[in-house]
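Student: Dock chain B against chain A, hints included.
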Amino acid sequence: MQQNPFLAILTRLGTFVLVMIVLSIMIFVLARVVPGDPARMALGPTATPEQVSALRTEMGLDLPLPVQYLSYMGRALHGDLGMSLLSQRPVTADLAQTVPATVELVLAAVIIMFAIAIPLGVMTAHFRDLWIDHVGRLVSLVGVTIPSFLFAISLQLIAARYFGDWPIIGRMDHGLGFTGGPTGLMLVDSLLAGRLDVFLSALQHLALPAIALSMAGIGQITRITRSAMLENRRKDHVLTLQSFGVPERVIIFRYLLKLSSIAPLTIMGLEFASLIGNAFVIEMVFSWGGFASYGLNAILQKDLNAVTAVVLVSGLFFIVANLIVDILISIIDPRMRRKEAR
Amino acid sequence: MAQIKMALDGADKDLSAGYMMWYRFSRNPAAVIGTLIVLSAVICALLAPWITPRPQDVGAVVNFRARHLPPDAQHWFGTDKVGRDIFSRAIFGLRISLLLVIGVLGISVPIGTVLGLVAGYAGGWTERLITGLTNVMLAMPPLVMALAVSNLLQPTLMNAMIAITLLWWTWHARLIYAVSKSVASEDYIEAARIAGAGPLHILFREILPNCISVISVKTTLDAAFVILFGATLSFLGFGVKPPTPDLGSMVADGRQFMPDFWWEVLCPGAVILYVTLGFNLLGDGLRDMFDMEG
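Heads up: the protein sequence lines correspond to chains A and B, in order. Position one of the first sequence corresponds to residue 1 (full-length UniProt numbering), numbered consecutively onward. Position one of the second sequence corresponds to residue 1 (full-length UniProt numbering), numbered consecutively onward.
Certain hints may be false.
[What the hints assert, rightly or not] Computed list of lysine-lysine pairs in DSS-like fashion (alpha-carbon distance at most 30 Å, straight line):
hint, chain 1, residue 1, chain 2, residue 2
1, A, 302, B, 181
2, B, 241, A, 235
3, A, 258, B, 181
[As the list claims (entries may be wrong)] Just a sample of chain B residues kept apart from chain A, beta carbon distances all over 10 Å, derived:
hint, residue
4, 198
5, 205
6, 236
[What the hints assert, rightly or not] Quick list of simulated restraints, FRET-style, between CB atoms:
hint, chain 1, residue 1, chain 2, residue 2, range
7, A, 182, B, 243, 42 to 52 Å
8, A, 135, B, 76, 28 to 38 Å
9, B, 53, A, 64, 35 to 45 Å
Calculated directly from the structure, the hints in this document are not laboratory data. Virtual Cβ for every residue (Gly too), placed ideally from N, Cα, C.
Okay, chain A solo, but in the shape it has when bound (with noise of 0.2 Å):
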């Protein structure tokens, strides 16, 4: 048992590092053992032998397996991953520009999921067996049944229909001649910027790939939430204040919800994979050009350097966003600093 919440932290930390040693190493070999020569596809069908072997060399394709990972990853640890074939640029530049706008995206859906899951669950927990829960429940199915990509679609044909001028592709209305600015991240740009106008049509464009990723995630939340709400309800300390006589709004909003938001936001974390593949198929549809759409590409081409900062950068994610949920959680729940590192 670990008392001290730091070496907590510190042991999750370790995991988190070995997580980033082991999907490393699985992507890279995978990527070295593929049929195809990297060297021959870089310089294309009229090379020459020579040049080929002159550039496996130059690319240090002759060294054994191992060498050459600790050699990437030493590399890697310096900001340096590679050239992308597809782009003729280093795949750090590449990525730079495009994590910014999936980084958006995803921060406005994960917004949108607790904004609508937690009071949906809240509420479908009071109201059980009520006209809401049955609301509720049927918005989780449709979570968890619908295909993202027929969601995003949904949501382009009835924008397209009903609201004619609603963007349904991009980031921004190029019409504006913003070029973006210092963060990425178009919405804080352009208040930067003081552009009002830009703010909005981001914000506009923003509004239907976030409501499609975020579909998925409402539907598991929203359930998760409410089961927690139902469990907690009946535990010992709950009862004692309903004696008392404290109000249910005050033992709902002040007890309750604290104590049932960490089973969805541990969910949240682990579910938080699943959620950069759907960006994927979101950025796809909804042509957005952000990181995921990289990725896209950078496997349809085999660009194999692109490919392994794609994998890696999209395990980092996920462990962001883990280290996130457990500082949090460690916020919310004092119980929880005490135990061991799980």
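Tutor: Relative to the frame of chain A, chain B by itself:
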């Protein structure tokens, strides 16, 4: 006298656990609807060549005079860009989806179950190794990994299946591990060990029966996930090769003709929704039947 005996028999029957479960299941509208949906989908898929109006449209048939026809009595779901009947193709597409479910779950559920059982019972290094591996696998975005694996090899359905299977066992292992770990410390397991039962007997005859409800609910819900996952892969262009019909790629094909020929997207999409809805309702019904939490 005979009447009393009959009444007693009836009471006995009412109290048996199996009967109670069946009672709960059959009185649950969602469970019954889910069962009917899944059954109808399976039957349609099995009998596809005989029940579809135009089974020949599954191949590379071209009939330009009938292209982009809206749904009507003859073509229930309309026709696609080369005039093929979407309804027939969608029913055949169901076969691919269900095949994917059988392939993925048929391999990953047994693997995940055995690893979970062993990790929960053995403890020590075995436990740490398996849970560690599970945690690492869970950190990988499944879709990204499936895309990467299937494309680095060859973007075929077979490779997509392998890729999904490689990741899927972890969820089962994790779940079964939790059950197995809590059961392993029960007294009767200790008793069985003292009585001389070997580890295989304890794992499969003592612990496994406790996991059956969890496994069946999880597997049913997973069937829906696998279908969604497979449809998403083929929507992104990593599915079976055309002209073989596949629900995900049919939606992707139809997307080029939005919003005018909406049925080319929404009809195959509705078929996916129908099957996943069925498996979800069935899974929820099973969960209620086993009286599980959450």
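Student: Check the non-interface label on residue 198 of chain B: least C-beta distance to chain A beyond 10 Å or not.
Tutor: holds (32 Å)
Student: Does the Cβ-Cβ separation between residue 135 of chain A and residue 76 of chain B fall within 28 to 38 Å?
Tutor: holds (31 Å)
Student: Over 10 Å from every CB of chain A: does residue 205 of chain B meet that, or does the non-interface label fail?
Tutor: holds (30 Å)
Student: Does the alpha-carbon distance linking residue 302 of chain A and residue 181 of chain B stay inside the 30 Å limit?
Tutor: violated (43 Å)
Student: Determine whether the Cβ-Cβ distance between residue 182 of chain A and residue 243 of chain B falls within the hinted range of 42 to 52 Å.
Tutor: holds (50 Å)
Student: Going straight from one Cα to the other, do residue 258 of chain A and residue 181 of chain B come out at no more than 30 Å?
Tutor: Holds, at about 29 Å.
Student: Does the structure keep residue 241 of chain B and residue 235 of chain A at a Cα separation of 30 Å or less?
Tutor: Since the Cα atoms of residue 241 of chain B and residue 235 of chain A sit roughly 55 Å apart, the hinted pair is violated (cutoff 30 Å).
Student: Decide, holds or violated, for the assertion that all CB atoms of chain A are farther than 10 Å from the CB of residue 236 of chain B.
Tutor: violated (7 Å)
Student: If you check the beta carbons of residue 53 of chain B and residue 64 of chain A, does the distance land in 35 to 45 Å?
Tutor: violated (60 Å)
Checked against the numbered hints listed earlier, the structure breaks hints 1, 2, 6, 9; every other hint is satisfied.
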